[in-house]
Structures are given as C-alpha cells and as structure tokens.
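Peer 1: The residues making up each chain are set out below.
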Amino acid sequence: MNLTLKIWRQNNAKEAGKMVDYKINNISPDMSFLEMLDVLNNELIEKGEDPVAFDHDCREGICGMCSLFINGEAHGPDRGVTTCQLHMRMFKDGDTIYIEPFRAKAFPVIKDLVVDRTAFDKIQHAGGFVSVNTSGNTQDANAIPIPKHDADRAFDAATCIGCGACVATCKNSSAMLFVSAKVSQFALLPQGKVEAADRVRNMVEEMDALGFGNCTNTGACEIECPKGISLENIARMNREYLKASIK
Amino acid sequence: MAKSALLKSSLAKKYWMALTGLFLCLFLVGHLIGNLQLIFGDASKFNEYALFMTTNPAVKVLSYLTYISILFHAIDGIVLTIQNKKARPIGYVKNNAKANSSWSSRNMAILGTLLLVFIVTHMVNFWAKMHFSEMPLQTMEVNIAEGQTVKLYKTVQEQPIPATAVEMGQLEVRGTGFYQGDLKIADGYKDLHKITVEFFQHPQYGLIATVLYVLAMVVLGFHLSHGFASAFQSLGINHPKYNCLIKGIGKIFCYVIPALFAIIPLYIHFILK
Amino acid sequence: MKLDSKIPQGPIDKKWSDYKNHIKLVNPANKRNIDVIVVGTGLAGGSAAATLAELGYNVKAFCYQDSPRRAHSIAAQGGINASKNYQGDGDSVYRLFYDTVKGGDYRAREANVYRLAEVSENIIDQCVAQGVPFAREYGGLLDNRSFGGVQVSRTFYAKGQTGQQLLLGAYSAMNRQIGRGKIQMYNRHEMLDIVKVDGKARGIIARNLINGEIERHSAHAVVICTGGYGNVFFLSTNAMGSNVTAAWKAHKRGAFFANPCYTQIHPTCIPVTGDHQSKLTLMSESLRNDGRIWVPKKMEDAVAIREGRLKPTQIAEEDRDYYLERRYPSFGNLVPRDVASRAAKERCDAGYGVNATGEAVYLDFASAIDRYGKEQARIHHLDENDAKLIYKLGKEVVENKYGNLFQMYEKIVDEDPYTTPMMIYPAVHYTMGGLWVDYNLMSTIEGCYVLGEANFSDHGANRLGASALMQGLADGYFVLPYTIGDYLANDIRTGKIPTDLPEFEEAEKNVRNIIDHLMNNKGTHSVDYFHKKLGKIMWDKVGMARNAQGLTEAMDEIAQLREEFYKDVKVSGTAESFNQELEKALRVADFLELGELFAKDALHREESCGGHFREEHQTEDGEAKRDDENFAYVAAWEYKGNPRESVLHKEDLVYENIKLVTRSYK
Chain A
1 MNLTLKIWRQ
11 NNAKEAGKMV
21 DYKINNISPD
31 MSFLEMLDVL
41 NNELIEKGED
51 PVAFDHDCRE
61 GICGMCSLFI
71 NGEAHGPDRG
81 VTTCQLHMRM
91 FKDGDTIYIE
101 PFRAKAFPVI
111 KDLVVDRTAF
121 DKIQHAGGFV
131 SVNTSGNTQD
141 ANAIPIPKHD
151 ADRAFDAATC
161 IGCGACVATC
171 KNSSAMLFVS
181 AKVSQFALLP
191 QGKVEAADRV
201 RNMVEEMDAL
211 GFGNCTNTGA
221 CEIECPKGIS
231 LENIARMNRE
241 YLKASIK
Chain B
1 MAKSALLKSS
11 LAKKYWMALT
21 GLFLCLFLVG
31 HLIGNLQLIF
41 GDASKFNEYA
51 LFMTTNPAVK
61 VLSYLTYISI
71 LFHAIDGIVL
81 TIQNKKARPI
91 GYVKNNAKAN
101 SSWSSRNMAI
111 LGTLLLVFIV
121 THMVNFWAKM
131 HFSEMPLQTM
141 EVNIAEGQTV
151 KLYKTVQEQP
161 IPATAVEMGQ
171 LEVRGTGFYQ
181 GDLKIADGYK
191 DLHKITVEFF
201 QHPQYGLIAT
211 VLYVLAMVVL
221 GFHLSHGFAS
231 AFQSLGINHP
241 KYNCLIKGIG
251 KIFCYVIPAL
261 FAIIPLYIHF
271 ILK
Chain C
1 MKLDSKIPQG
11 PIDKKWSDYK
21 NHIKLVNPAN
31 KRNIDVIVVG
41 TGLAGGSAAA
51 TLAELGYNVK
61 AFCYQDSPRR
71 AHSIAAQGGI
81 NASKNYQGDG
91 DSVYRLFYDT
101 VKGGDYRARE
111 ANVYRLAEVS
121 ENIIDQCVAQ
131 GVPFAREYGG
141 LLDNRSFGGV
151 QVSRTFYAKG
161 QTGQQLLLGA
171 YSAMNRQIGR
181 GKIQMYNRHE
191 MLDIVKVDGK
201 ARGIIARNLI
211 NGEIERHSAH
221 AVVICTGGYG
231 NVFFLSTNAM
241 GSNVTAAWKA
251 HKRGAFFANP
261 CYTQIHPTCI
271 PVTGDHQSKL
281 TLMSESLRND
291 GRIWVPKKME
301 DAVAIREGRL
311 KPTQIAEEDR
321 DYYLERRYPS
331 FGNLVPRDVA
341 SRAAKERCDA
351 GYGVNATGEA
361 VYLDFASAID
371 RYGKEQARIH
381 HLDENDAKLI
391 YKLGKEVVEN
401 KYGNLFQMYE
411 KIVDEDPYTT
421 PMMIYPAVHY
431 TMGGLWVDYN
441 LMSTIEGCYV
451 LGEANFSDHG
461 ANRLGASALM
471 QGLADGYFVL
481 PYTIGDYLAN
491 DIRTGKIPTD
501 LPEFEEAEKN
511 VRNIIDHLMN
521 NKGTHSVDYF
531 HKKLGKIMWD
541 KVGMARNAQG
551 LTEAMDEIAQ
561 LREEFYKDVK
571 VSGTAESFNQ
581 ELEKALRVAD
591 FLELGELFAK
601 DALHREESCG
611 GHFREEHQTE
621 DGEAKRDDEN
631 FAYVAAWEYK
641 GNPRESVLHK
651 EDLVYENIKL
661 VTRSYK
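Chains as they are written, first to last, in full-length UniProt numbering: chain A, 1 to 247; chain B, 1 to 273; chain C, 1 to 666.
Since the hints were made in silico from the structure, they are not lab data.
A couple of the hints might just be wrong.
Every beta carbon over 10 Å from chain C, so not counted as near; a handful from chain A, in silico [stated by the list, open to error]:
#: 1; residue: Val20
#: 2; residue: Ile24
#: 3; residue: Glu60
#: 4; residue: Lys148
To give a feel for the contact side, a few chain A residues facing chain B, derived at Cβ under 10 Å [to be verified]:
#: 5; residue: Glu46
#: 6; residue: Gly48
#: 7; residue: Asn238
Since the structure is predicted, the reported quantities are computational estimates derived from the model, not experimental observations.
From the three backbone atoms N, C-alpha and C, an ideal C-beta is built for every residue, glycine too.
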C-alpha cells in the first residue's frame, strides 16, 4: 500500500506545531499501525531527518502507553483496540491518514505525538486506592465472599488501561470515564466501600482542578475506549458522588 | 465541603442541569395539555385554562420554578460550555466525531441557545401580553332569535354581560373587571385564544410565525433526543433493567411532544377557520 | 571473592520465620532519615516502593514509562500461583515449592523458593484487600485454574489480565504513598548508572527523558526492579522499552550476573509474519488447558498447507499429529513451557510447520468446543446430536473463558480462531537469569538489591507459568521490606548522602561520555538496524537449541557487531531533548554487551537444563540431559572490562529437601 500521512510535528511543549505531509510506500496490510510508523521513522533517520516521536511500549494493547488520534478517532477507526493493535488492513491503498496527538489542556504535548498524561496519575494519587497496608496481615482472601456479578463488574471497570482515549475523544476533554472506572471498581467491592465517599469526592475534586472538561453524556468515550469501559460507570460515579455530597 | 461540592463541582453542575431539564420536561407536558385546547377544546376552554394558569397559587409557584429552571439551565449550560471549551485549547485538524456520538449530543449548547431565543420570543408574543398588557376580553355571539344575535362577554362568575352594556357606558371595563362605578360586578376572560389565532393567521406574518414555531419544535426535539435520557445518566440512573423505559420515554419526548406542539400552529394557520 | 548466599540455618520451613525474628529493625523515627531508590515500578518495584514508603522510608521511584502503571508486568495474562489449596486438591506450601524447583529443572536455590511458596498465600490475601478483582465462582469465593507443569489448580486469575490487575493493585498502593508524600515519583526517567561510595550503592545517575537532563539521585540503598532482558533477541514478548541497562550498569559496577543463558521461550505466541515485525504477542498459557496442539502427520499435507492449497480443517483426525499428547501422555498439552517449545521447534525443523514461514503449529479448540457444547446440551436437556447447536453452545463457553484472547488473535492475524485453529510458535518471553542476589536479595554490591525478573533466584532454568507474578510481589511486598531493614539499621547515623561526591561526578561524566559519543557519531544506520542484527544472531545461535560452534560464532559476531555499532550508529536529534532514538541507542549498547556474556554462559554450561538446551546434551528421544554432577551450580559472572573476559564464580546448589531426579512429564 502507498499512503499519505499528515502528522502533527511539534518540537517541544513551548514551540508551536504544525501538520506535515509524508509519503510512504510498500506498506504491508499485516503491519500494525506503529510498525508502519517504524518504517517511516527508519526512512526519516536514513534521510537525516528527525523521526516522529510517539509513545508506545507493550505493543499488545495492555500498557496504555500508545495513543494517537488517527483520522479523527482515538486509536483509529477500529473498535476495541489500541493503536498498537490497529492493523494497516483497516486502510486502503492511496489513503490519506491524519495522525494527531491526544488533545486536552490536561494533556500537554511533550513532542510531536507524545503527550503528558500525568494528570491521570494525579487523580489516582487523590484516592485511587484502598487504604490498606501492604503487610499481608489481612484476613484470608476468602473471608468475604463477593457476588460473582459484582466481582465481574468490578473487573470490567478495572480493565481500564489509562490510555486517555476517553479524554481525547470527548468533545469536552472530560476524564469522567477514566475516573468513574476506578471509582466503580472500588465501589463495587466490599474492600473499597469503606472509604467510597471520600474517594469519589477527592478524585472528582482533583479531576476538576486539573482542567478536564465536564461530561455531556455523548457516549463517545465508551465507543472509542479500547477496553469497552461502560458509561454505566459514569452513572455509578454520579450516584456515588451524590451520596457522598449529601452525607 | 458537601455544600460547595453541590454547587461547584463538575458533577454537581450536571445534577442541576439534569434536574432543571427534567423539570422543564414536566412543564412541557403541562403546557402541551393546555395548548391542545386550541385544537380539541374551544375558545372558552382555552381561555379558562389561560386564566387558571395565571391565577392559581399552586400554578404560580410552579411557574416561578419554571422561570428559575430555565434561567439556571441556561446559565449552567453557558458555564459548562465555557469550561468545556477551555479544556481543549487546541482542537483537532480532523475529527470524525460522527463515528462515536450523535449530532444532537454534541450540539446541545447550540440547540439550547436557539431554544432560549425561542422561549424569549414566545414569552414576548404571548406570556407578556397575557401578564402585562391590555387584552381584549372574550365575547360570544348568542342566537336569541332567527338571524338575530347578541354579543355577550363571558365572565368568570358565569353570568354573561351583554356587550351593549359596555358600549352604552352602563358598565366600565378596567383590566378584566366589569365595574359599575367602583363596584366590580364580574370578571371577564382575557381572550388569549383570539390573540393566538390572530397571531398565526396574521395575513402578513402568520405563515412565517407558523414556520418558525414548527422549526423551534424541531430544535426542541433534537435537544430532547439527547437531553432527556442524558439527564437520567447525569443523576446516576443507568440500569440495564430500566434503560429501555428511559429510552422509550425519551423517544416520546423527542418525537411526540414536539410534534404535538408543532401541529397546533399548523392547525390554526391552515385549518382553523 | 567467595559468593555467600547467606541462607539461614535450620530446617527449610523455619528458615524464613527464624530469620525474621532475628534481624535488626529500624525504628520509625530513624526510617524518616533513610532514603531508598527503587528503579522500575512493575510488580516487584511497585510493591517494594509502596511497602518501604509505608514503613516510613523516603522512597524515590523511577520508571521510564509515562506512568508507573505501565510497567510490563501489566502484560502478564494467565495468573498467579499460591498454595492456598482452596480447591482441596492436595496443594501445600511444600508442593508449590517442589513443583517450582522441579519446573526450574533443579537449578534454583531451595531456600528462596521455599520462602516464595510460603509467602504466596499472603499475596492473595493482600491483593484481595487492595481490591484486586480476581475471578470468582458463583458462591462468591475465589476461582482457580491449572497451569503447565503442575497437577493441582492453584492459579488465581483475573480473566486474561491478571498482571494488569495485580500491577494496578501495587500501583494503587504506590499512589497512596505518593499522595502522602512518602514516595517521590520520577516518571519518564531512565537509570543510566549506579553510584558506589565506599563500596556501597549510594545513588544513581538518571536521564530525564523529557528534557534530556542528567540527574544525580542519592540514597542509602538502591533497589533494582527493572525486569528481564528478553529484548536482547529484538523480537520477544517484552515491551519495546524493556531493557537490561539498569541491571547491566550495576553488573559493570560489581554486581555479578547469574545464569544469563536461562531464557524462557514461551510456546504459545503468535507467529512472525514478516521483516517489519517489531514485537511478538503472547497468547496465554491458559489456552493450553483447552486447546490441543498439533501438526499434520503427513509431510505432503504440511507442504500443501504452507502453500495455501489445504486448510487445517480439511485434515482428517487420523492425519493429525497431536505431538505433545503423543510424547507426554501424562501431562499432554500441559507440559512445562520449555518442553512444549522445544517440541514445537522439533516438529517445525522436521518440516511439519504450518504457516507460510514453516514456523507455526496449530492450537485447536474444535474438540473443546465440542466437549463443552455436549456438556451444555446435557445440562439443558437439549439434543446432543445437533451439530450446529453443540457448536453454538460450546463456542459460548470457550468465548466466556478466552474471549479477549481470541479477539486479540483475530485482530492480529485476521483469522477467526473459533473456526480455524490458531497458529502459534514459541517466542522469547522471560529471562530466569539476572543479577545474582543472596537470600536477602542483595547483589554483590553492598546496598544494591535486585528484585523480580531482574534477579536470578527463584525459577532456576525454567519458570513455571503464573510464578513470575508471584515472585515479583513476594519480593516487593514481603521479602525486601524485612531484609533491607537489616542492612539499613547500620545507616541510621549516616545522614543524607550528598550528590557532589567525586563518585557521583565520575559516574555522571561516564554517562555523558557515552551519550556524547552516540550523538556525535556520524554513522549511517539506525539503532534498530543493529538491534535486529543482534536479535538474529541471538535467535539463530543462542535461541531454543544451542551448540558449541554456534555459541562461539555468536560471541565473535556480537563482539564485532558491537564494534560496528559504535562506529556506524546514527542517532538523530539532540541529547538535551525528548529523544527516543537516543533512549534506544543506550539500551541496545548494553544489549550488545550482555549478548556476548549470554552466549559465553551458554557455551560454558555443558548440559541441557530447562530453557537452556545444548544439542550435544540430549537423550536419544531428544529430551534434555542434565548434568547434576558438574553443573548443579549458579554461574555468577564478574565483569572484567569486557563481557568475554568475565570471570565465573560458582554458587553450589545444595538440595537438602528435594531429591534431584530427571524431570519427566511423560
């Protein structure tokens, strides 16, 4: 396949960036999207140009490091995958592909397509945990039976990989899906319920302070989320917060 | 903490948006039932309804709640929109938003602004007249013999007053009251029906008014197609068992209610003689 | 220097508790004056950082990723072992200990493994308390499944994402301490050297990957938890950034490197499709619970499949060779990883491989779908002879168990694994070798501790499935917090370590020199070019089967490639900015040294054991032939200026509780 790439290039956080066009040829449909970018970068290096910086690590869709807004969608046009699992067979010969960084005030660009997502960490610092010491001197793991239904839903919420696609996709750059996934995971488990009220208050407060937008329930995050985190989690967070606020 | 959280936080803003929105949905139902008197009732029924709506103390409370809701909904919406715009200072060159969300869900602010403009115009056209300006009082023609009619004022006290009594100066009309000297003997009905019919049948502007009203209802439909169900989500009501019900009622609010509202001006303009 | 493993005296089941009862402690007030650096934030690093901070030490944690949550532990799919015996199938601490030592082909240190088995139970308790959503049964209790190389169900899991859930647990514990200010987190930082003051590890030199600044960080102890070095093969299931740099720099400063040749080649990975490939994707070992592995019996069928003339579903049952079931009837498809991998290679080398490259075997779920379908039909009183219905019911069961893995496979290969058997092939997955540590997890550098995959201690020559997660968390949550206290008790009066000492100066200069060289090199080839070449040498000559000639060649070729690398590598951009090429170059430079030591170690170990298979040492039917008489030791290498010149130190492995026998899964 031969393709035209339109890629956001930006030297660092301070300088302005712009879209730059690249032509790339002989791309195999079996390549992953990032392998296609590897090919481009190798060509750029051989030509003495600066390669395109992009985040990636595990390349199997679980670490959440890769990002990219491809042809107007977070993680590209495929569903249920991260960019590293997106394959070139999703595109056609001759296509023009727009590649932009995840955009949000809370995710400033570091270089090219690399953004700083430490805002997500900060939200977790505010309450994304169960306050239990790691001594191992807790009760037996089977001491509290947990209904399978709750455990499964907690797991579904916990599969969030923190990639930021929800923020990137949301027209308001809202982090609700991310925050609600963590709030939900713990709210559904007896171990997490104890401090549920403080958790949701603190996490929401931090989320607001970091400059994420509000949720207008467009549902775009749920569609673009590579792990299919459900909007039900946002509803649950809304409930939890309401409960916490009137307490 | 809790106090400020219920006003300032992003989630709280959504709660208020949802609560005021849902309240306005209830208002729409009430308003629609009244308005349908224009088609299914007659002038008397409609004017009685209009009087009831402007004088009943319970309704008064509700109406103030409605005004506050509209204001709050609008202001909250504006604040949210400004915050949301700030959350993404640099936009995308290419954004394929239609792949993941409905048009109306992404354009609630625009739809809302249009609705606000509509509400203001609508209130100027009808509500303000009803409340603040002199209005004609409702009369009726009664056959007393073949080919002979008399014009009577309909009154709240049910004893009609012949128009001639006013024309000949025996009675004086002040506001809606009929006075004999300083003694009020009866109250007439403001003829909102007549005003409405004349508005939509106006030889020059009637058609435009009708079209604009119908368009406004289309906007309302879009606004509600996202807003109704969204309000429940904001309040944390999202459960596989009940989502169907919410979606179903949402459909009614998105199609049926705006359509019924829209039929009224069409009926008046094109059908009512 | 004599290696002292510092294994406590006494019976094996009392060693750890006796040890804990007698170590020195640091009182809470003093802990506030002690700094600890933790490099790497996977299961080992994350859990260690959180626990040390909880105890009251000042922790500085480093990771090269943009968040500690992204460490590659997150990719572990299958599960974590613990001897809870919830299933009542005869499991016990001893049995987990025994299975792990046997699975490791008797090349692990008994005392460490026993301790690991002992604390395994605490891990599960701990994780549940943290809100890790393990899979549960309908009664609300925890579910287990079985894994390769064992005959009990002791593996706890969270669908196919156990590593992620456990890491998020450790990450959440870290977050709590970061929020309290007890951990200072340095994301996007890479450790480039360790600093020794008076022979003790007292700090590190790190590069801030965002702006390229070289930073000095001091502490009273340094804990290295930077994972394995599988990426020396270029293609592996490791993350793209996984590297040996931290461990290798420690090695060059005096930490012995143990058993570098012990590499685990995981049998169930998605096969390579072409030269563009940047990494390999693992399919969880749990698939072997239900999938049957086969290749065609007839050579002509295999050729026809490779040429696309025949589909696997067209091959009759009697023409399929379920070679694992044939060779190992008692364990069948659930033999340990090393055995399964070699068996696949044996079939493919013999010409029975199935994809276009000839390097793939089938993992077939048809019979599982059929079996589950019939079971469901019986349960629901439906027609067992309705093939369509059986398929539908069976598929549902399989989808429930492995849905996400099947979906991942389909996205990558573009084939539906429900209807066409999956293709799999072994790939580099885990390195059992690593920095040598004693019972306290301290390396041969005083005050430099090594945890998790980065050390060598628990898995011998082959790791059993679901044991890596167990080791990482055991080391970080339950072992290091005790052992490090014993060491730091001597440091309560030391005070802050200044970073302007000449040792810091020297180490920083060292780092700057390498960076300057790489940046100013006017070479012609990208870093990947050299990395791929290195990978090819490693895979061809130091891979699943090794021989003396290949290994000798590999050592020379790697040395030569290294020289070429320094002459001809081209690194674009600047050193003082975000520069991913420079990051890669620094990592590959270390792989190019490690690779040579790796081959040297493999060459010296004249036996086959676990993941290390020497063609010269095999039985008549192709099984590994261990030599306990001459090689029952840990090979710990001391750096002497060049990997080739490294000096061997032996730690004899003494088995007091387990009799060494030939491992058999037949």
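Peer 1: If a hint holds in the structure, say so; if it does not, say that too.
Peer 2: Okay, the hints, checked on the actual structure:
1. Val20: Its Cβ never comes within 10 Å of chain C, the nearest being 16 Å, so this holds.
2. Ile24: 12 Å, holds
3. Glu60: 5 Å, violated
4. Lys148: 5 Å, violated
5. Glu46: Violated: closest Cβ of chain B sits about 28 Å from A/Glu46, beyond 10 Å.
6. Gly48: Violated, about 27 Å.
7. Asn238: Since chain B brings a Cβ to about 4 Å from A/Asn238, closer than 10 Å, the hint holds.
Hint violations for this structure: numbers 3, 4, 5, 6, all remaining hints satisfied.
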